[in-house]
Amino acid sequence: MITVNDISVQFGGTTLFSEVSFAINENDKIALMGKNGAGKSTLLKIIAGESKPSTGNISAPKEAVIAYLPQHLLTKDDNTVFEEASKAFSEVFSMKSEIDAINEQLTIRTDYESDAYMKLIERVSELSEKFYSIEEVNYEAEVEKVLKGLGFERQDFTRPTSEFSGGWRMRIELAKILLKKPDLILLDEPTNHMDIESIEWLEDFLINSAKAVIVISHDRAFVDNITNRTIEVTMGRIYDYKAKYSHYLELRKDRRVHQQKAYEEQQKMIAENMEFIERFKGTYSKTLQVQSRVKMLEKLDLVEVDEVDTSALRLKFPPSPRSGQYPVVVNELSKKYDDHVVFKDANLVIERGQKVAFVGKNGEGKSTMVKAIMKELTPDGGKVEIGHNAQIGYFAQNQASLLDGELTVFETIDRIAEGDIRTQIKNLLGAFMFGGDDVQKKVKVLSGGEKTRLAMIKLLLEPVNVLILDEPTNHLDMKTKDIIKDALKDFDGTLILVSHDRDFLDGLAEKVFEFGNKRVKEHFEDIKAFLANKKMESLKEIEK
1 MITVNDISVQ FGGTTLFSEV SFAINENDKI ALMGKNGAGK STLLKIIAGE
51 SKPSTGNISA PKEAVIAYLP QHLLTKDDNT VFEEASKAFS EVFSMKSEID
101 AINEQLTIRT DYESDAYMKL IERVSELSEK FYSIEEVNYE AEVEKVLKGL
151 GFERQDFTRP TSEFSGGWRM RIELAKILLK KPDLILLDEP TNHMDIESIE
201 WLEDFLINSA KAVIVISHDR AFVDNITNRT IEVTMGRIYD YKAKYSHYLE
251 LRKDRRVHQQ KAYEEQQKMI AENMEFIERF KGTYSKTLQV QSRVKMLEKL
301 DLVEVDEVDT SALRLKFPPS PRSGQYPVVV NELSKKYDDH VVFKDANLVI
351 ERGQKVAFVG KNGEGKSTMV KAIMKELTPD GGKVEIGHNA QIGYFAQNQA
401 SLLDGELTVF ETIDRIAEGD IRTQIKNLLG AFMFGGDDVQ KKVKVLSGGE
451 KTRLAMIKLL LEPVNVLILD EPTNHLDMKT KDIIKDALKD FDGTLILVSH
501 DRDFLDGLAE KVFEFGNKRV KEHFEDIKAF LANKKMESLK EIEK
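Each step along the sequence shown adds one to the number in UniProt numbering, with nothing skipped, and position 217 is 217.
Since the hints were made in silico from the structure, they are not lab data.
As the structure is a prediction and not an experimental result, all values here were calculated from the model.
Fair warning: there could be bad hints in the mix.
[Stated by the list, open to error] Restricting the straight-line Cα-Cα distance to at most 30 Å, the calculated cross-link-like pairs of lysine-lysine (DSS-like) are:
| id | residue 1 | residue 2 |
| --- | --- | --- |
| 1 | Lys35 | Lys45 |
| 2 | Lys458 | Lys518 |
| 3 | Lys35 | Lys244 |
| 4 | Lys148 | Lys383 |
| 5 | Lys521 | Lys511 |
| 6 | Lys242 | Lys518 |
| 7 | Lys148 | Lys35 |
| 8 | Lys253 | Lys281 |
| 9 | Lys87 | Lys35 |
| 10 | Lys344 | Lys45 |
| 11 | Lys145 | Lys180 |
| 12 | Lys441 | Lys485 |
| 13 | Lys52 | Lys96 |
| 14 | Lys96 | Lys180 |
| 15 | Lys383 | Lys35 |
| 16 | Lys458 | Lys40 |
| 17 | Lys145 | Lys119 |
| 18 | Lys211 | Lys35 |
| 19 | Lys336 | Lys286 |
| 20 | Lys244 | Lys145 |
| 21 | Lys441 | Lys40 |
| 22 | Lys29 | Lys119 |
| 23 | Lys518 | Lys375 |
| 24 | Lys52 | Lys35 |
| 25 | Lys518 | Lys244 |
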């Protein structure tokens with residue numbers, strides 16, 4: 001058992017949390033929840049030993065292994081993917097090397113009675129006992145299994161890690177963690193860079209093969225599938241629920257109702273006593289009663305109502321200029337890369353004002369189709385027609401990474417804003433949760449979620465009538481996703497959504513284009529009906 005004992009954290013006079021304590025049991029799968037800035041990542045770093053608390057400590061058995069996957073990695077090296085993942089076993093390999101080296105010395109040395117010789121025998125006995133107690137493992141097979149589960153192909157194993165994007169490097173780090181089989185795995189937003197199949201594989205691993213896990217994630221389905229306990233960080237303290245995320249939401253709602261009731265009753269009681277004190281404070285016959293009530297109020301523990309996360313986006317798209325009846329028409333489109341055919345003879349017609357979803361497994365052509373519509377690639381056959389007065393706004397998966405890291409948040413928007421909006425930049429940034437000093441932060445220090453929100457603001461500043469969003473919800477917390485979804489429902493233009501987030505698509509997309517087996521198939525129904533007709537529970541099954 002690992003325990004968090006009376007942890008407090010203060011930053012420059014501000015208390016992030018105070019005297020937080022809880023125990024982590026062997027098979028706990030814990031979701032760490034709370035609003036942005038509540039201290040979730042800080043708490044994870046303290047448990048991982050990466051940060052020190054102001055007071056309190058973490059206690060764990062001597063042999064316990066705690067492994068931590070942060071949100072952002074800045075590792076650089078020239079190892080291949082396979083070599084880097086194999087580092088998970090470096091301790092075992094070095095133990096074996098030391099045993100072999102000592103055994104070699106013991107065969108050639110003749111000072112059998114010396115202290116040095118006896119020390120070597122003691123050391124090799126200690127190491128051997130430890131080494132041979134580890135169950136026999138085919139390390140290469142284990143590395144291969146985990147890398148393939150996380151989406152790497154066999155040909156990727158020999159490529160240098162420097163060739164991979166940040167998201168794939170994150171998966172290599174995750175592979176190392178999973179291969180260590182630690183007693184506690186700490187994950188901070190692990191699914192941000194993963195496709196559905198890899199997320200599903202990770203879920204299965206964490207449920208069936210991992211010991212204790214603590215996860216911070218904005219992926220509602222992922223959290224619900226893997227956790228059996230929820231710890232909420234709010235207003236400097238924690239609430240611990242023996243419940244998965246969706247059940248915790250109900251319990252939290254009940255808690256706030258009870259708190260509000262207790263708060264109102266206490267405020268009424270305080271008001272009545274204050275009125276009595278004011279009325280009789282000069283009356284000699286009531287002096288003792290007045291003093292008694294003053295003392296009672298001084299000693300009173302005030303009921304607090306937990307904060308509700310009100311840092312919400314107030315998001316509204318500008319009115320769309322009117323486009324022609326058919327903003328996007330695709331005729332007999334084909335595309336291949338070398339010998340790999342992505343799709344062949346694909347047709348799709350999207351009418352003005354329609355909201356459609358592109359669904360299917362990674363690699364089946366969703367993003368390729370978007371790039372063809374955007375004229376970012378040349379198809380091998382067929383054509384794409386963009387309708388009269390169609391003005392396209394495009395949000396790509398890598399949109400956040402295209403921002404200039406040296407500019408501040410304010411400068412990023414100031415450079416593209418025109419007309420009246422220039423006087424409203426701070427208000428606009430505030431609506432996207434960039435308040436106070438945040439507007440002077442450089443883009444390079446922002447989190448993934450902050451960069452995504454900033455890229456979204458850039459998209460909003462130009463009136464468009466066709467929005468193409470490729471995985472827009474990566475890095476967005478659950479509340480922000482809901483607010484953007486509401487804004488998209490009200491958007492009066494045409495919307496093309498590439499997403500594997502069923503929650504996000506539900507109630508938004510009225511037509512589905514399914515990508516798979518080198519074809520694009522049209523379904524005249526929303527996402528719920530589409531999955532129901534396929535007798536599927538989620539997009540995970542369609543994306544297999």
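Need the list of violated hint numbers for this structure, in ascending order.
2, 4, 6, 7, 8, 9, 10, 13, 15, 17, 19, 22 and 25
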